[in-house]
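So the sequences go chain by chain: H and P. Each step along the first sequence adds one to the number in my numbering, with nothing skipped, and position 26 is 26. Each step along the second sequence adds one to the number in my numbering, with nothing skipped, and position 436 is 436.
Worth flagging that the hints you see were computed from the coordinates, not collected in a lab. None of these values were measured; they are calculated from a predicted model. Here a beta-carbon is modelled for each residue, glycine too, at the ideal position from N, C-alpha and C. Just to be clear, a hint being listed does not mean it is correct.
[Said to hold, decoys possible] Derived CB-CB ranges, DEER-like:
id	chain 1	residue 1	chain 2	residue 2	range
1	P	Gly708	H	Gly215	27 to 35 Å
2	H	Pro67	P	Val21	52 to 60 Å
3	H	Asp38	P	Leu24	53 to 61 Å
4	P	Pro137	H	Asp150	50 to 58 Å
5	P	Gly708	H	Ala175	25 to 33 Å
6	P	Arg325	H	Glu30	43 to 51 Å
This is what each chain is made of:
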Amino acid sequence: MKFAVIVFPGSNCDQDAYHAARHVLGQSAEYIWHKDIDLKGADVVILPGGFAHGDYLRTGAMARFSPIMREVEAFARRGGPVLGICNGFQVLLEAGLLPGAMLRNRGLKFRCEHVHIRVEQTDTPFTALCRTGQVLRIPIAHGEGNYFADPDVIAGLETNRQIVFRYTTPTGELADEANPNGSAAAIAGLCNEARNVVGLMPHPERACEPILGSGDGMVMFESVVHSLKTGALVARA
Amino acid sequence: MIDSAVLERHGLKPDEYDRIVACLGREPNLTELGIFSVMWSEHCSYKSSRVHLRTLPTEGPQVLQGPGENAGAVDIGEGLAAVFKIESHNHPSFIEPYQGAATGVGGIIRDIFTMGARPIALMNSLRFGSLDAVGTPRLLEGVVAGIAGYGNSIGVPTVGGEIAFERSYAGNPLVNVFCLGIARAADIIKGVASGVGNAVYYVGAKTGRDGIHGATMASAEFDDKSAEKRPAVQVGDPFMEKLLLEACLEVMQTDALVGIQDMGAAGLTCSTTEMGSRGGAGIEIDVAHVPQRETGMTPYEIMLSESQERMLLVVKRGREPEVERIFEKWDLHAVHIGEVTQDGMLRVRHRGAVVAEIPNRALTDEAPVYRRPMEVPSYLADVQSLELDRLSAPPAAADALRALAASPTIASKRWAYAQYDHMVQTNTINLPGLGAGVVRIKGTARALAMSVDGNGRFCYLDPRRGAMLAVAEAARNVACAGARPLGATNCLNFGNPERPAIMWQFAQAVEGIGEACRALAIPITGGNVSLYNETDGKAIYPTPVIGVVGLLEHADRVLTGRFQRPGDAIVLLGTGRGELGGSEYLKVVYDRVSGIPPQLDLESERSLQELVADLAADRFIRSAHDCSDGGIAMAVAECCFGVDDCGADVTIDAVSVAGDPLLNQAAALFGETASRVIVSIPSDRAGDVLARAAAKGVPARVIGQTGGHQVRISVGGELAIDVPVVELERIWRSGIDRYFIRKVA
Numbered sequence: 001m002k003f004a005v006i007v008f009p010g011s012n013c014d015q016d017a018y019h020a021a022r023h024v025l026g027q028s029a030e031y032i033w034h035k036d037i038d039l040k041g042a043d044v045v046i047l048p049g050g051f052a053h054g055d056y057l058r059t060g061a062m063a064r065f066s067p068i069m070r071e072v073e074a075f076a077r078r079g080g081p082v083l084g085i086c087n088g089f090q091v092l093l094e095a096g097l098l099p100g101a102m103l104r105n106r107g108l109k110f111r112c113e114h115v116h117i118r119v120e121q122t123d124t125p126f127t128a129l130c131r132t133g134q135v136l137r138i139p140i141a142h143g144e145g146n147y148f149a150d151p152d153v154i155a156g157l158e159t160n161r162q163i164v165f166r167y168t169t170p171t172g173e174l175a176d177e178a179n180p181n182g183s184a185a186a187i188a189g190l191c192n193e194a195r196n197v198v199g200l201m202p203h204p205e206r207a208c209e210p211i212l213g214s215g216d217g218m219v220m221f222e223s224v225v226h227s228l229k230t231g232a233l234v235a236r237a
Numbered sequence: 001m002i003d004s005a006v007l008e009r010h011g012l013k014p015d016e017y018d019r020i021v022a023c024l025g026r027e028p029n030l031t032e033l034g035i036f037s038v039m040w041s042e043h044c045s046y047k048s049s050r051v052h053l054r055t056l057p058t059e060g061p062q063v064l065q066g067p068g069e070n071a072g073a074v075d076i077g078e079g080l081a082a083v084f085k086i087e088s089h090n091h092p093s094f095i096e097p098y099q100g101a102a103t104g105v106g107g108i109i110r111d112i113f114t115m116g117a118r119p120i121a122l123m124n125s126l127r128f129g130s131l132d133a134v135g136t137p138r139l140l141e142g143v144v145a146g147i148a149g150y151g152n153s154i155g156v157p158t159v160g161g162e163i164a165f166e167r168s169y170a171g172n173p174l175v176n177v178f179c180l181g182i183a184r185a186a187d188i189i190k191g192v193a194s195g196v197g198n199a200v201y202y203v204g205a206k207t208g209r210d211g212i213h214g215a216t217m218a219s220a221e222f223d224d225k226s227a228e229k230r231p232a233v234q235v236g237d238p239f240m241e242k243l244l245l246e247a248c249l250e251v252m253q254t255d256a257l258v259g260i261q262d263m264g265a266a267g268l269t270c271s272t273t274e275m276g277s278r279g280g281a282g283i284e285i286d287v288a289h290v291p292q293r294e295t296g297m298t299p300y301e302i303m304l305s306e307s308q309e310r311m312l313l314v315v316k317r318g319r320e321p322e323v324e325r326i327f328e329k330w331d332l333h334a335v336h337i338g339e340v341t342q343d344g345m346l347r348v349r350h351r352g353a354v355v356a357e358i359p360n361r362a363l364t365d366e367a368p369v370y371r372r373p374m375e376v377p378s379y380l381a382d383v384q385s386l387e388l389d390r391l392s393a394p395p396a397a398a399d400a401l402r403a404l405a406a407s408p409t410i411a412s413k414r415w416a417y418a419q420y421d422h423m424v425q426t427n428t429i430n431l432p433g434l435g436a437g438v439v440r441i442k443g444t445a446r447a448l449a450m451s452v453d454g455n456g457r458f459c460y461l462d463p464r465r466g467a468m469l470a471v472a473e474a475a476r477n478v479a480c481a482g483a484r485p486l487g488a489t490n491c492l493n494f495g496n497p498e499r500p501a502i503m504w505q506f507a508q509a510v511e512g513i514g515e516a517c518r519a520l521a522i523p524i525t526g527g528n529v530s531l532y533n534e535t536d537g538k539a540i541y542p543t544p545v546i547g548v549v550g551l552l553e554h555a556d557r558v559l560t561g562r563f564q565r566p567g568d569a570i571v572l573l574g575t576g577r578g579e580l581g582g583s584e585y586l587k588v589v590y591d592r593v594s595g596i597p598p599q600l601d602l603e604s605e606r607s608l609q610e611l612v613a614d615l616a617a618d619r620f621i622r623s624a625h626d627c628s629d630g631g632i633a634m635a636v637a638e639c640c641f642g643v644d645d646c647g648a649d650v651t652i653d654a655v656s657v658a659g660d661p662l663l664n665q666a667a668a669l670f671g672e673t674a675s676r677v678i679v680s681i682p683s684d685r686a687g688d689v690l691a692r693a694a695a696k697g698v699p700a701r702v703i704g705q706t707g708g709h710q711v712r713i714s715v716g717g718e719l720a721i722d723v724p725v726v727e728l729e730r731i732w733r734s735g736i737d738r739y740f741i742r743k744v745a
């Protein structure tokens, strides 16, 4: 299984995603520079966290114009699994691969801490090995993770079961104080209608080894390998 | 043209000007005067501190690079080096908190990757006036946001640090930033220019008029006009620096590079001069080739600009295209601006015409060195006297503990570190707030622990002992994570060295650092001096800040300062003597900064630290926490925070330091005697640990047990404190937050 980790100028979690896929999971992985126009046969694409192009405009607003994004979009259209983490999620929103937008955190400050997210949907390539309702302890680190969309868009997300993760208490209850950034409907992560493109603000790659304080993020990487192996997903770059 | 007004604007004294004329054998032109003024500024030349700094221990078998380069480096095994340094950005941060702090982070990161190391951890040591004072919360907010804004974006985790509040820093906050990187020991790169004819490249952001005379500003006192110096503070661009970092590390993978240096203080002037001087060569550049952000810049402005995110490279002849290609990939300017020469001159041209021509030696080796007069400060005798029996009756011990937990200097710093990305790079194995910062080294079983510590109050009362205590505390914190100290970096923050009392504080503190580092076998590999920390003639407390880096051979044996399980035995290593001099207790309860700081026996301290690291390595102990601010009572309370069912029930020895029994009790609980560590151990291993301690000559005693929901402390058989953990923890967690309560929509 081959992971492509897209590197935008200003990406800073590219090496972490690569490390998780390559050294923790033991799969092959390759960095793909944003000016490249070829995903080099990857089976999975990760848009990593960071501050692509400095994020001096809206987060992710510039990155969507990088040459590689046309390939990523084509790969997604073919049903290939794409995971956007943090800034990568923001890029997916800007690129229109996922609906909605990000506002500044409601506390107006960057927040870095472990949070709890509840798995709402297990029929995506990145949650296939999870249980519905399973609570994962995973870190966040962002200043603009306050998910926003029109009420009818949110209603559509609910109807189509596109809300993949929500912020909850450690026991899986929804609570205002468990929502670290004010996201609408406590949304921590989404998928597209075809379910192969997933974006989330928390950093699963930071929770893949017990020595880092949590191994809960590993299940997302294992899930995509499982999904590809069992043929649930067939697209290739 | 060069009259006394011009000299004053350049911060040069008349006799220094005479020396310049003698060096050149002629009058300098204005550009040359500007170059001399920054190179001979306190900030760049260390002219007041140099004679003292020479006495510091800088050698050891593990030292790969001592002082004099962009950063120091120590061998951490497996062919790897830890490259680290601390630097101050006090003056800019007072003038413009966000950008001042942000560019401080940018500067120290450049110092590290300039050496060929990938930066993997940041820390900071911050000091402000009282948080109750108008303006302090805003200053703290700006500085923390600036550090976060830069560090988070560039992707280097901020893994620890300290924040203290003391009135003496009200007009002059301290912002000291530390960075550590990892390099292959064989691949460390230096800031050297050599090889006649090799190309000199300018890389990175364009040069603007920002920051002209920043180094000179950092070498003067503040007054009510200081706010007008805002144009001398630069604006940081972490995105640009991220590109620069990746591109430079990529260039370093080739062997096309001779040397590299960042343009920090004194910009192009300092980098060209120092690189030439280290390599025994000259450098000739034409400033017309320097990418410029503004039109009509003069050579004077270009040479003195401190615009951020710029590097100077010397590239091997014939290898230029390779290097240019890499920078092109990262969309960065890499411009050939000159050559290495053999005549040892810094020669600056502007469209071909020579506009400055100065021997490098004149700017570096021949810079003035002062042995400034010293005298014992007149305040000292007064503040050192502390008659405990003249104090009013102390509050109940439990109330004093609550007050200490709420004191912003002791309280949880979560408000700050939650704003820092402390996990990026996925190496952080001790989260902030649990003791020293610890990062694992990927590809090895190892980890590095690091701590930055200072104590201005102790240094104010006794600069020599205060400095020794700072070294001991930083090293002890590293040992409490289970690591063995390898090296240290220092940031020396003092007032105006032209005042003999300040110079005496400085000399005493440097002696103290030297003595402690020698005794603990921790060489100083570099650092930074920040003088003139005064506003309207009032100096800050003398504040040496020490950053210590230590090695854990097994990352998975790292310790935190939190109790892990109920039912464990709590052992005190070391002995309390009830020393209240300079304590947080006196400050919080009596609003007094007086007395003599705690004694420090360096041999005992070293044995204690070795013992803790040994016990951790052999997996004998489950947690280790040193006793410092707030004494043993605060240390025990902190050990209980954040873990369920891990309260504590302990009994400590009584002391007799005063007539009032309540004051004696307070001294036992809150005195800040050094060389003490609280460890928790499985109760059946207590005997082993006591035996190991005895073999090392470290006093050790089981003082109680973990468990329950109370912090319960008896002194000499009498119950003194019995408070629910949750109550203390709530107070401790809101100690800083309460100043920032804001209605959120």
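Hints and how they fare:
no. : hint                             : result
1   : P:Gly708 to H:Gly215: 27 to 35 Å : holds, 30 Å
2   : H:Pro67 to P:Val21: 52 to 60 Å   : holds, 59 Å
3   : H:Asp38 to P:Leu24: 53 to 61 Å   : holds, 59 Å
4   : P:Pro137 to H:Asp150: 50 to 58 Å : violated, 37 Å
5   : P:Gly708 to H:Ala175: 25 to 33 Å : holds, 28 Å
6   : P:Arg325 to H:Glu30: 43 to 51 Å  : violated, 21 Å
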